[in-house]
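Can you make the complete structure from the sequences, with help from the hints?
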Amino acid sequence: MGRAAYRKRKYHKPGTAPGTYDIAETREAGHGSIEVIDYSADGFERRAGLEGLESAQSLPNRWVQIAGPPSLDVLEAARQRFGINPLALEDVVNQGQRPKFNDYDPGIFLTLSLPLRNSENAFQQLSLYVLDGLLITFLEQEDGLFSPLEERLRRTGGRLRQREIYFLMHAVMDLAIDMLFPLIDETAVRLEELETAIMSHPKEALLLETHAFRSRLLVMRKVAWATREVVNELRRHLEELSAGDLRPYLEDAYDHIVSAIDMVETQRDIATNLIEVYLSVMSNRMNDVIKLLTLVTTLFIPATFVVGVYGMNFDRTAGPLSMPELGWPLGYVGVMAGIFASMVAMFAYFRHRRWL
Amino acid sequence: MGRAAYRKRKYHKPGTAPGTYDIAETREAGHGSIEVIDYSADGFERRAGLEGLESAQSLPNRWVQIAGPPSLDVLEAARQRFGINPLALEDVVNQGQRPKFNDYDPGIFLTLSLPLRNSENAFQQLSLYVLDGLLITFLEQEDGLFSPLEERLRRTGGRLRQREIYFLMHAVMDLAIDMLFPLIDETAVRLEELETAIMSHPKEALLLETHAFRSRLLVMRKVAWATREVVNELRRHLEELSAGDLRPYLEDAYDHIVSAIDMVETQRDIATNLIEVYLSVMSNRMNDVIKLLTLVTTLFIPATFVVGVYGMNFDRTAGPLSMPELGWPLGYVGVMAGIFASMVAMFAYFRHRRWL
Amino acid sequence: MGRAAYRKRKYHKPGTAPGTYDIAETREAGHGSIEVIDYSADGFERRAGLEGLESAQSLPNRWVQIAGPPSLDVLEAARQRFGINPLALEDVVNQGQRPKFNDYDPGIFLTLSLPLRNSENAFQQLSLYVLDGLLITFLEQEDGLFSPLEERLRRTGGRLRQREIYFLMHAVMDLAIDMLFPLIDETAVRLEELETAIMSHPKEALLLETHAFRSRLLVMRKVAWATREVVNELRRHLEELSAGDLRPYLEDAYDHIVSAIDMVETQRDIATNLIEVYLSVMSNRMNDVIKLLTLVTTLFIPATFVVGVYGMNFDRTAGPLSMPELGWPLGYVGVMAGIFASMVAMFAYFRHRRWL
Amino acid sequence: MGRAAYRKRKYHKPGTAPGTYDIAETREAGHGSIEVIDYSADGFERRAGLEGLESAQSLPNRWVQIAGPPSLDVLEAARQRFGINPLALEDVVNQGQRPKFNDYDPGIFLTLSLPLRNSENAFQQLSLYVLDGLLITFLEQEDGLFSPLEERLRRTGGRLRQREIYFLMHAVMDLAIDMLFPLIDETAVRLEELETAIMSHPKEALLLETHAFRSRLLVMRKVAWATREVVNELRRHLEELSAGDLRPYLEDAYDHIVSAIDMVETQRDIATNLIEVYLSVMSNRMNDVIKLLTLVTTLFIPATFVVGVYGMNFDRTAGPLSMPELGWPLGYVGVMAGIFASMVAMFAYFRHRRWL
Amino acid sequence: MGRAAYRKRKYHKPGTAPGTYDIAETREAGHGSIEVIDYSADGFERRAGLEGLESAQSLPNRWVQIAGPPSLDVLEAARQRFGINPLALEDVVNQGQRPKFNDYDPGIFLTLSLPLRNSENAFQQLSLYVLDGLLITFLEQEDGLFSPLEERLRRTGGRLRQREIYFLMHAVMDLAIDMLFPLIDETAVRLEELETAIMSHPKEALLLETHAFRSRLLVMRKVAWATREVVNELRRHLEELSAGDLRPYLEDAYDHIVSAIDMVETQRDIATNLIEVYLSVMSNRMNDVIKLLTLVTTLFIPATFVVGVYGMNFDRTAGPLSMPELGWPLGYVGVMAGIFASMVAMFAYFRHRRWL
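Protein chains in written order, with the numbering used here: chain A, 1 to 356; chain B, 1001 to 1356; chain C, 2001 to 2356; chain D, 3001 to 3356; chain E, 4001 to 4356.
Heads up, some of the hints might be wrong.
Straight line, CA to CA, 20 Å or less: simulated SDA-like cross-link-like pairs of lysine to any residue [said to hold, decoys possible]:
id, chain 1, residue 1, chain 2, residue 2
1, B, K1291, C, R2354
2, E, K4291, A, M286
3, B, K1291, A, Y254
4, C, K2291, E, M4286
5, D, K3291, E, H4352
6, E, K4203, A, R353
7, E, K4291, D, L3295
8, C, K2291, B, I1290
9, E, K4013, A, Y254
10, A, K291, B, H1352
11, D, K3291, E, F4347
12, C, K2013, D, E3186
13, A, K291, E, M4282
14, E, K4203, A, M282
15, B, K1291, B, A1348
16, E, K4013, E, P4086
17, D, K3291, E, M4346
18, C, K2203, D, N3273
19, A, K13, B, A1041
20, D, K3013, E, E4186
21, C, K2291, D, R3154
22, A, K291, E, P4182
23, B, K1291, A, V296
24, C, K2013, D, L3295
25, B, K1013, C, I2261
26, B, K1291, E, M4286
27, D, K3203, C, R2354
28, B, K1291, C, M2343
29, A, K291, B, V1289
30, B, K1291, A, M282
31, D, K3291, B, I1290
32, A, K291, B, F1350
33, D, K3291, E, M4286
34, D, K3203, E, P4202
35, E, K4203, A, H201
36, D, K3013, E, P4182
37, B, K1291, A, R285
38, B, K1291, A, E204
39, C, K2291, A, S283
Calculated from the structure, these hints are not laboratory results.
Structure follows, in structure tokens:
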């Protein structure tokens, strides 16, 4: 998502029936990949493509991974075979949703936001549809994100494989939450660099970058808060279900997301503080500059006036009051000494008032 | 509504009985249009005008559309024939209400705010009165807003036509919510342009426009929050009713309005950030200007003083201490060299303190 | 109340027994007027003065209006005849209370704040004591405020007259709430004028007025929030009573006060925004002034230095390096051309850096 | 407390057992006074000192007043004779606690903060321990604060004397709350003076005083909020007890403390506003100064350059282009007229741009 | 933790199974110390090292202290012997967790943050695992922190030794909370010094230090709030347990942490206020400087222009209008008097407008 995506969220035309997922309007539709994994404590089967999707479920648990924009066929198959609510499919097609939880009895539908790898501040949407024995994940981009999970499923005797599908759902969600931490960490490192740089050489570019960081953290904060709400709703929902021993895992996920929120907010405070520090430092520097200006002006402008006086061309022969000083043997020395003395006095006054 | 409308909301004279709808005071009264649609899964009938309003209801569901300021006859007919509470009619006449939910058992009354098409920041009021089998909509302006809904109703076999009247109410409300998104999108595009413009050429006009945007977003935010409250109340209310399968649709509407709030608040943060960036950039630029001022002053004012000294007209014949330098063969060159050297030193000092 | 009154709220000496209403200390005591109205669907009787207060109640509902500071006799009569709690009477005597709700079983006691007519930002206190069949109103000032209500009561067949006393209480409260709207409207109009004025001719007086407005809105906001709380408490309380059909009227009053809060807060945001805009505009104007200062200084100070150089009186006969330029035929023209060229270059540089 | 006290709150060494009240460390221990009052509707007895504390309770209600730092004997006596929880005694010894409510079944323990008389911003701690028939008050300083209450108790037939001990507790608490109002009032008066002074003659000292006031209000606000919480807890707690007719008195105390909070927050807003106004006024004044600087510079620096030109000493005999103007009969008048004209033009331009 | 630690919190790789505690990745693993204390009212035994951990529990209560980074053996032993949830162990290994409460039925797991002694703003993590009769504490660093508690346990007849293990848990937690107070106190003392210093000699270094303090207080506030939440959860949890007489102790701990929060927030407000005061003082000082600049410029620049005029070299013989003033006997005196008079007038004007 990122700031751009938050703005450019797709929306259907006002007046359209809710639950409309008009693939035709979606430019990149139909290029998604499909992967179907059936598993139980004893078995593991993996199929690909639309045929996989339509194949009979051979083992108690099935995980359908749909990555990239799905074709209309796939969506229709999902709707008819697994009874997914069209409102959920509408959210899958209109990417850029904020993290949310929907309970389409009997299934539940989660939307999450994942930081995109290799991209500075963009998020992709991950949607999960869960029923007893079935998990469907819709991922915006194909990028092998789930390979560590597949690996854990493939291992005979792995804890994940012996449990109900809700544990797999938790694993996927946990992955989404954990992906926030490298992003936060990277931001933290850069913020620290910015702080060092601003302290030594404040420059406008650093200020603008800090501002940009604060905007990034704003988006991360929104994602994290919405995710926290999702985990919360899930906790409440699963208490009604039988999946009781999932509870500590959800608590753990909740702790993680709260921790992420905490870090993001701390960083926002640091960034705000940094901006204030920058402005203070710049203002102090400006004050120094203006003091110099004032010092120079105050020392030399009156002196320039005085020497200007004795540069006047009044006719000394016109009368005894017409610039007689010009003829005094010590006139020049006197004037220069007077100027010098007043400069020293001025300087002392400045020191006294702590302006230097 | 818009900022203007928020201020200019009509109100009755203090001391008047509540539920008074004094049409006489309403300038534009009596120019509204009336359209009555009776429908069921099998039938669709459409009548216009006051006669339509008074005709017997031929099919299970009736939708009465009143657009523009209604005449007293229409209001009286609505009150007597459908038993609308006078407090509700008072709100219809006194336009500019904030979105709200009222439960006048047995009917419910919703007030919503719709962005006006072709107008920058104005909203119009949409009021809905719902009873079993009856929906009355009061729209501030006649502008064919509901034609996509009529189209969907006209289609035989359309989902909307087969359901209870509450689904039509949801469709109207959904339309009102969805109309916020193009407005938000437009704001987002303009904000992005402003950001680019401010970064390259900061100008006062851009700042003022950003301030104006922030005010607009303030109004949008208020409308969105109040609408969210309405949807919430509706959710709570409908749980008591039999319209149980409406729930996911209301959840969907709720998600949309929360999403709108989210975007509006993000944009407000961006606008605030932009204002801060503008002020920082301007302040930096001003600092540069003041540094230049100080540099020029510091380099040339002392120098001007020195040349002023040798422009004095002291009589060199008055004595040996009366400006003897003027007669030295290298006096001129020495003075100029001294000035030049001190300028270079000053310049170096500036560089050293990073003022350039 | 107003800002002043908020400060000057009377309080009893610490250590005094609660429920003490020491009239002796109240300067203006004893000048209030008393009016007693007994009414039912069929009858209407009106008496004045202390005798009216002590007369037997002839009809099911009695409304006692006490306006202006009451005398000790009146308070004692109220306490003994109607059993008002001394704590309530203490609040009546110590004017300047914030709006609040007290449940002195069996009676309830409301304190409200009414904008004073013909006064810019002052509020007066209105207290209501309600029992079955009895309403006592204490108004700080006598100003015929209730005449529209009396008019409605006097009318045979009027809705208000046929209902229980709680409807009269609602009518009084509704009057208090509705009196906020003209005040809000007036503020809105003045704020708009201020905005226009600040945009064209920013002046310190306008800024100070906007600040003053924000303070006013602060007080209005406090009154409105406290009133909202009162209405809320009343809603909760009356659900326990039998006065069930009062509910939509209270909802309506609640909607009104929420609407007032909404407008006041919008105006506060507008005022804050206006102050920020003023400061930005002033700052921009100052920047322009400083740029001009810098331009003039940068163009002319170096030039003045140069001409100062050639105003020095070094003796050209002292040697070949002693100001030989002064004797060159094109010396003058060359210097002037050099100065002019460097001024043009400086100017071009300014344009280039967008400082003009 | 005050700002200082908030910081200097005593705390025991980490790792010490909770409930330790190590008198030895308390410098001023053992100088407190003890006063014991036994009372009922019919009797009133007063004893002093440790013997009074240990005497048998002769009447149904006993009020033990301990003022000033208590000695270890007193604390031990209190613990053994009345069963006070050591945790409560620890709070008595470690002065500077924030207002709080503790329920040490069967007794309850309240800590309150009282403004110190004759001191600008300091608070003293008042602790109350209440059991059926027993009230112990610990006051930080001996200053006859409770004499009005004793007076009320001494009066035969006084309401306070005929009621349970909880009414005395309420009276003490009410006293503590009511003592906030003179403090608030005093602040309000000084704030108003500050406002007037800042409007006419803004000075740095006034700004610093306003800042100091805001800090004071911060402390008062914290005390008031914590006290409100105490009253709230007490309300909740006493509903479980039999002291039912105390309820309206607690409601009254609650209203008072809410009112105090309201005033303090209004004053904080006023102080903040005042600081902003001061800064705006100073900034406007500075702008005027800078405009004057720019005006003078702009008018005279170019003119000085021009007269500098004609002060150059180019040899008029060197050629026809070497300062021929100096020999023109109207040269001097022309130059002066040109300078004057350009000054007028400059001035007109300034007026036009509203810089004057 | 401190600001640094908040950022550098360790996290496992996204996609890893939750509950993974990969010691291999932890650099400093395996250097921790182990100490096991078995105690009851009558006995006290102390063992060290892994053998101690694996020894049979001889007395009803056991306290296992693990300090420094634990080795994999220790963790495995803890998991197998005491059944600690792997999720808890993961939090022990990944240091830098925020304070939190986890209920791993039957045990509970607390994470707290302790200020590091001899370090300015760093915190270490303290984790507690509690079961009936068992307390395991994991401390990040070995530093004899718990010696006062051991001392209290060792004392025969000590209260702590006679109670259940939950009282020991409380004692450890109380220690963690109490360690905040010296830190807060130290900050308070330094803040007061900063205030004094800023009031007399505002310097950039002081401003930056105040900013740094505000950041520190930010971290302390986060720790304190999270700790408060932990105590709260614990209160709620222990009400379900039988440890009923622990309640007042937990209330006491709760009061302490709320008190800490209160102080930290007060200090943050003071720090913010201090920054504002600094900026105001600096701005006032700058205004004084600029006023001086303007005064000097305004007094001397016009005067310099005038003397420049009479320094012009127009040929007095060219005509009667060519600088005749130069030949007037009182010309020089007149010019000087005029300049002096205008300077005095200017100065008076400045005084009048209160610019000096």
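Here is how each hint holds up against the structure:
Between K1291/B and R2354/C the CA atoms are separated by roughly 16 Å; this keeps the pair inside 20 Å, and the hint holds. Only pairs whose Cα atoms come within 20 Å are accepted, and K4291/E paired with M286/A is accepted, the gap being roughly 16 Å. Of the supplied pair hints, the one linking K1291/B and Y254/A is violated, its CA atoms being roughly 53 Å apart against a limit of 20 Å. Between K2291/C and M4286/E, the direct Cα distance comes to roughly 19 Å. Compliance with the 20 Å bound is thereby established for this hinted pair.
Using a Cα cut-off of 20 Å, the hinted pair K3291/D and H4352/E holds, with the two alpha carbons roughly 17 Å apart. For the suggested pair K4203/E and R353/A, the alpha carbons sit about 14 Å apart, so the restraint of at most 20 Å is met. Our distance criterion of 20 Å between C-alpha atoms is met by K4291/E and L3295/D, whose separation comes to about 14 Å. Between K2291/C and I1290/B the alpha-carbon distance is near 8 Å, which keeps this suggested pair within the 20 Å criterion.
Between K4013/E and Y254/A the alpha-carbon distance is near 17 Å, which keeps this suggested pair within the 20 Å criterion. In summary, the hint linking K291/A to H1352/B is supported, as the alpha carbons are separated by about 17 Å, within the 20 Å threshold. Restraint check for K3291/D and F4347/E: satisfied, since their Cα atoms lie roughly 17 Å apart, inside the 20 Å limit. Proximity of K2013/C to E3186/D is assessed by CA-CA distance (about 14 Å); at most 20 Å being required, the pair is judged to hold.
The suggested pairing of K291/A with M4282/E holds, with an alpha-carbon distance near 12 Å, which does not exceed 20 Å. Proposed proximity of K4203/E and M282/A is supported: the alpha carbons are some 14 Å apart, at most 20 Å. At most 20 Å may separate the alpha-carbon atoms for a hinted pair to count; K1291/B and A1348/B meet this at roughly 14 Å. The hinted pair formed by K4013/E and P4086/E meets the criterion: a straight-line CA distance of about 16 Å does not exceed 20 Å.
Our distance criterion of 20 Å between C-alpha atoms is met by K3291/D and M4346/E, whose separation comes to about 15 Å. Between K2203/C and N3273/D, the direct Cα distance comes to roughly 18 Å. Compliance with the 20 Å bound is thereby established for this hinted pair. A C-alpha spacing of about 25 Å is found between K13/A and A1041/B, which places the hinted pair above 20 Å, so the restraint is violated. Annotation: proposed proximity of K3013/D to E4186/E holds, straight-line Cα distance about 14 Å (limit 20 Å).
For the hint pairing K2291/C with R3154/D, the CA-to-CA distance comes to about 79 Å; that exceeds 20 Å, so the pair is violated. For the hint pairing K291/A with P4182/E, the CA-to-CA distance comes to about 42 Å; that exceeds 20 Å, so the pair is violated. A threshold of 20 Å between alpha carbons decides the hint, and for K1291/B with V296/A the separation of about 13 Å falls inside it, so the pair holds. Note on K2013/C and L3295/D: the hinted pairing is violated, with a Cα-Cα distance of about 60 Å set against a maximum of 20 Å.
Pair hint K1013/B plus I2261/C holds up; C-alpha atoms about 18 Å apart against a cutoff of 20 Å. The hinted pair formed by K1291/B and M4286/E meets the criterion: a straight-line CA distance of about 15 Å does not exceed 20 Å. With a C-alpha separation of about 37 Å, the suggested pairing of K3203/D with R2354/C is violated against the 20 Å cut-off. The straight-line distance between the Cα atoms of K1291/B and M2343/C is roughly 19 Å, inside the 20 Å bound, and the hint therefore holds.
Distance restraint check for K291/A and V1289/B: the Cα-Cα separation of roughly 15 Å lies within the 20 Å cut-off, and the hinted pair is therefore satisfied. A C-alpha spacing of about 12 Å is found between K1291/B and M282/A, which places the hinted pair at or below 20 Å, so the restraint holds. Restraint check: the Cα-Cα separation between K3291/D and I1290/B comes to about 15 Å, which is no more than 20 Å; the hinted pair holds. Between the alpha carbons of K291/A and F1350/B the distance comes to roughly 14 Å, so the proposed pair stays at or under 20 Å and holds.
For the suggested pair K3291/D and M4286/E, the alpha carbons sit about 16 Å apart, so the restraint of at most 20 Å is met. Proximity of K3203/D to P4202/E is assessed by CA-CA distance (about 18 Å); at most 20 Å being required, the pair is judged to hold. For the suggested pair K4203/E and H201/A, the alpha carbons sit about 18 Å apart, so the restraint of at most 20 Å is met. Restraint check for K3013/D and P4182/E: the C-alpha separation of about 9 Å stays at or below 20 Å, so the hint holds.
Our distance criterion of 20 Å between C-alpha atoms is met by K1291/B and R285/A, whose separation comes to about 10 Å. For the suggested pair K1291/B and E204/A, the alpha carbons sit about 15 Å apart, so the restraint of at most 20 Å is met. The suggested pairing of K2291/C with S283/A holds, with an alpha-carbon distance near 18 Å, which does not exceed 20 Å.
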